[in-house]
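Residue numbers (the numbering used here), protein chains in the order written: chain A, 1 to 296; chain B, 1 to 284.
Just so you know, not all the hints are guaranteed correct.
Pulled from the structure, derived: some chain B residues nowhere near chain A, Cβ distances all over 10 Å [to be verified]: (1) 15; (2) 39; (3) 61; (4) 168; (5) 216; (6) 228; (7) 242.
Taking beta-carbon pairs under 7 Å as the criterion, some of the chain A residues facing chain B (in silico) [said to hold, decoys possible]: (8) 40; (9) 42; (10) 43; (11) 59; (12) 61; (13) 64; (14) 67; (15) 87; (16) 93; (17) 96; (18) 98; (19) 137.
Hints are computed from structural coordinates only; laboratory data are not their basis.
If you're wondering where the values come from, they're calculated on a predicted model, not measured in any experiment.
By construction, the Cβ of each residue, glycine as well, lies at the ideal position given by its N, Cα and C atoms.
So you can see what is in the structure, the chains are spelled out below.
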Amino acid sequence: MTALDALTLSISEGITGVVGANGAGKSTFLRILLGLLEPSSGTATVFGHDVVRERHTIRRLVGYMPEHDCLPADSSAAEFVMHLGRLSGLPRVAARERTAEVLRHVGLYEERYRPMGTYSTGMQQRVKLAQALVHDPRLLVLDEPTNGLDPAGRDEMLALVRRTGREFGISVLVSSHLLGELERTCSSLVVIEQGVLRQQLTVDALTSEIPQFAVEVDGDVEAVITQLTDGGWAVTRERSGFVLALPPGDHEAAHRAADAVRDACAAVQAGLLRFERGRTRVDALFHGDDSDEVAA
Amino acid sequence: MTSTIHDLGYRRYSGERLSVRAAWSALFVQGLRVLFGLGRPARAKALPVFVLVFSSVPAVLTVFIASQAGLPIRHATYFTGVSILYVLFAAAQAPELFSRDQANRVLPLMFSRDLSRWHYASARLASMVVALIALALIPQLVLLLGGIGIAEDTIAVLQDRWKIILPILAVTSLSGVLLGSVASAVASFTPRRHFATAAIVGLFLVLGAVSTALAATDVISLAQAQLFNPLLQLDTVSRLLFDEPARRVARAAAHPLWVYLAAITASCVVAWSAIWWRIQRVNA
């Protein structure tokens with residue numbers, strides 16, 4: 001079975017997202033980089049080291065968080081992370097200190113002495129991240145770190161990934177089948193579809209703010225829109241609200257538009273439910289029907 | 001740094017990084033702790049303690065009885081008598097290493113570190129073997145030291161008994177390596193611990209049954225038939241090495257020692273090959 005077919009790409013420092021549907025070959029790709037799988041043909045290098053011939057060098061530089069459960073239920077997080085720290089070559093005392101440190105970093109405190117079988121999914125994902133960090137790797141490979149988490153848990157995990165990648169100078173390779181959650185976390189994205197590289201792009205250029213506000217109101221939407229169009233604003237009705245486009249090149253327009261929306265809502269006694277700056281959404285790039293929005 | 005507390009936590013590590021050998025030792029020691037239930041709930045200690053008590057306490061009694069009745073202390077008989085407990089320990093505990101690691105799916109975490117499949121397999125096997133040797137060694141040392149302690153003429157006994165140290169080491173090592181390797185090989189093939197335990201016990205029972213069945217036929221001799229039973233291999237080797245007079249009826253005429261050593265070596269090589277074959281392929 002071919003999971004990856006002639007995938008050619010190079011990834012630079014920073015946080016890189018690997019996106020693809022389930023079964024697209026994301027895990028296979030990550031496991032080849034870790035030397036857990038040998039490619040049947042082709043080569044891959046990490047920090048310039050060949051993943052097959054120099055896997056020992058690479059393994060000292062990477063930390064891996066697998067997608068699947070890997071936590072012994074009767075072991076405590078402290079014990080488990082320390083054990084893996086020692087298997088990474090840390091001396092006993094250093095392993096204990098690093099364990100305390102990474103568990104605090106991921107937000108586990110007293111719980112770390114409890115058996116991991118009693119942990120919530122969110123806590124388990126944090127321990128999995130902590131064990132990947134315990135030996136202070138240069139590259140973190142995270143396979144679906146948000147799997148099984150509720151929306152709040154996802155946000156926390158992604159914030160943790162961002163902080164690890166940006167503030168601690170560790171490069172991160174993070175996979176997900178949800179494009180949306182990676183676009184705000186990563187500096188570049190790789191899209192794999194059925195083992196083939198679909199697209200590789202830098203997120204910065206694409207998810208920058210675009211000149212529009214997305215608004216939802218509780219009350220008479222039409223009346224609010226009428227107020228705004230009377231005020232000279234370009235408004236487009238959408239399914240659950242409307243989008244207000246800002247005139248290009250006018251830096252003050254955003255403030256005036258915000259005031260206008262507020263006044264319009266106040267005038268018709270409507271409650272403001274959502275008011276946010278529009279962003280290009282990366283998923284729009286992969287679906288032709290939204291391409292107008294991207295062009296903005 | 002911002003106000004959230006976990007931002008204070010992360011520092012880079014610039015300290016010492018040890019070699020793979022240190023990682024191997026850490027895995028080996030952790031394996032021993034798992035096997036004896038150290039640092040784990042009382043439930044995990046039950047079987048190791050049971051085996052330790054029932055294989056060693058009789059040694060103390062033996063010494064006591066020998067001191068009262070003036071009977072000789074028989075190391076070979078003692079070893080044979082308790083060796084089934086070592087099978088029990090191996091069957092119950094080898095899956096705690098090999099099967100549990102697979103069930104918990106921790107192998108990718110190890111193999112993505114600088115610890116190869118070879119390191120993993122050898123460290124786990126070494127823990128198992130060393131634990132079994134230690135278990136078998138304890139009562140033998142009790143017998144040896146007890147025998148010296150109760151003697152009236154300590155010097156004379158010392159001069160006589162020191163010769164037994166080598167057989168003690170040989171028999172306990174052979175039993176540890178053989179039982180540990182066979183049990184590890186079976187356990188490495190399944191992530192299900194209870195299944196592995198049943199399979200290990202089953203294997204020893206089947207081999208015993210085959211041996212008995214073959215002995216009942218006229219095709220091969222009794223001594224040849226006994227070669228199929230690992231426990232009888234060890235039993236015979238211990239009798240030959242300790243060279244003690246059998247207490248009860250004379251048993252089947254034995255082959256020369258090297259035949260048993262060859263049989264044990266062959267069993268171990270098969271077991272090691274099986275472990276290596278499996279660990280190379282097991283999904284990580």
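The hints, checked one at a time:
1. 15: Incorrect as stated: the minimum Cβ-Cβ distance to chain A is 5 Å, not above 10 Å.
2. 39: 7 Å, violated
3. 61: 35 Å, holds
4. 168: 33 Å, holds
5. 216: 46 Å, holds
6. 228: 37 Å, holds
7. 242: 40 Å, holds
8. 40: 16 Å, violated
9. 42: Not OK, violated: residue 42 of chain A not within 7 Å of chain B, min 20 Å.
10. 43: 19 Å, violated
11. 59: Since the shortest Cβ distance to chain B is 4 Å, the answer is holds.
12. 61: For residue 61 of chain A, the interface hint is violated, since the closest Cβ of chain B sits about 10 Å away, which is over 7 Å.
13. 64: For residue 64 of chain A, the interface hint holds, since the closest Cβ of chain B sits about 4 Å away, which is under 7 Å.
14. 67: 10 Å, violated
15. 87: 5 Å, holds
16. 93: At about 9 Å, which exceeds the 7 Å cut-off, the nearest Cβ of chain B leaves the hint on residue 93 of chain A violated.
17. 96: 12 Å, violated
18. 98: 6 Å, holds
19. 137: 10 Å, violated
Violation of the numbered hints given earlier is confined to hints 1, 2, 8, 9, 10, 12, 14, 16, 17 and 19; the remaining hints are satisfied by the structure.
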